[in-house]
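Q: Read off the chains here:
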Amino acid sequence: AQSVAQPEDQVNVAEGNPLTVKCTYSVSGNPYLFWYVQYPNRGLQFLLKYITGDNLVKGSYGFEAEFNKSQTSFHLKKPSALVSDSALYFCAVRDDQAGTALIFGKGTTLSVSS
Amino acid sequence: GAGVSQSPSNKVTEKGKDVELRCDPISGHTALYWYRQSLGQGLEFLIYFQGNSAPDKSGLPSDRFSAERTGGSVSTLTIQRTQQEDSAVYLCASSYRTGGNIQYFGAGTRLSVL
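Those protein sequences? They're chains R and U, same order as listed. The first sequence: position 88 = 88 (the numbering used here), numbered continuously. The second sequence: position 46 = 46 (the numbering used here), numbered continuously.
Chain R on its own, in the form it takes in the complex:
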């Protein structure tokens, strides 16, 4: 069965510091991996995805994520956090061998202090 784990409910960082939001997954086949961000009272916005190819994926707003097959992880990173990055972040996976919809983690709230 497909599953996604975001082990941290909340991540706190100071503005200007690097940030990491963790995600691990479990699928039977090959994973399609996504990160989305949600601002208050808004829908989810796409940040980046990994389908195949380079393990380091670059996305919107300076975010990037590294696919690690051996650790089944897809952590979201940014070298220098902004206060405006404060939001709820979701990792999602789809198994290329099964299922039609994305399976989402429970989300991680990122709080960036000035």
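Heads up, some of the hints might be wrong.
[Stated by the list, open to error] Quick partial rundown of chain U residues pointing at chain R, CB under 7 Å, derived from the structure:
1. G42
2. L43
3. F45
4. Y96
5. G100
6. I102
7. A107
8. G108
[As the list claims (entries may be wrong)] Think about it this way: if two alpha-carbon atoms lie no more than 20 Å apart in a straight line, the pair counts; the simulated DMTMM-like pairs of lysine to aspartate or glutamate are:
9. K17/U with D63/U
10. K57/U with D95/R
11. K106/R with E15/R
12. K49/R with D85/R
13. K106/R with E44/U
14. K106/R with E85/U
15. K49/R with E66/R
16. K57/U with D96/R
17. K106/R with D95/R
18. K57/U with E68/U
19. K77/R with D9/R
20. K57/U with E44/U
In short, the hints are calculated from the structure, not lab data. C-beta: ideal position from N, C-alpha, C; glycine also.
Following the hints, position chain U against chain R.
A: For chain U alone, kept in the frame of chain R given last:
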């Protein structure tokens, strides 16, 4: 329109009433998804439509929930005899087919069952 449109944005109803939630996907997107976002529970897949194929209803939590998609475009999610546990934000997304394609989300309908 340019994005996925959902209506109403907010719906307050009494327990036992039926409600209809509407989703207007991005033009040209053949795949449409409904998800439910409950507080602290992440996103839960409900139902998926792809073109003229039979929908994947595997995520619907009970037979009180149903959805249809008319003409391959607009979709309506119907909840009959609403219960308080149905209170959540209902999100709609659309994409070009499925696989690794990006799902674009609407802002959601916040349903409150009193």
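Q: Run the distance test for K57/U versus D96/R: straight-line Cα separation, threshold 20 Å.
A: The hint holds at about 19 Å.
Q: Does G100/U meet its interface restraint, that is, does its C-beta lie within less than 7 Å of any C-beta in chain R?
A: Check passed: Cβ of G100/U comes within 4 Å of chain R, closer than 7 Å.
Q: For the hint on F45/U, just tell me whether its beta-carbon gets within less than 7 Å of chain R.
A: Holds - the Cβ of F45/U comes within 7 Å of chain R, reaching about 4 Å at its closest.
Q: Per the CB criterion, is G108/U less than 7 Å away from chain R?
A: holds (6 Å)
Q: Hey, K49/R versus D85/R, does the alpha-carbon distance stay inside 20 Å?
A: Within the cut-off at roughly 18 Å; holds.
Q: Holds or violated: are the alpha carbons of K49/R and E66/R at most 20 Å from each other?
A: holds (10 Å)
Q: Given the hint that K106/R pairs with E44/U, does the C-alpha gap stay at or below 20 Å?
A: Holds. K106/R to E44/U sits at ~9 Å (cutoff 20 Å).
Q: Should the hint that G42/U touches chain R count as held when the rule is a Cβ pair under 7 Å?
A: Check passed: Cβ of G42/U comes within 4 Å of chain R, closer than 7 Å.
Q: Does D95/R sit within 20 Å of K57/U, going by the straight-line distance between their CA atoms?
A: holds (18 Å)
Q: Could you grab the alpha-carbon distance between K106/R and E85/U and see if it respects the 20 Å cut-off?
A: With Cα atoms ~18 Å apart, K106/R and E85/U stay inside 20 Å; holds.
Q: For a C-alpha distance cap of 20 Å, please report whether K77/R and D9/R respect it.
A: holds (16 Å)
Q: K106/R and D95/R were given as a pair; does the straight-line alpha-carbon distance stay at or below 20 Å?
A: Distance of about 18 Å is within 20 Å: holds.
Violated hints for the displayed structure, listed by number in ascending order: 4, 11.
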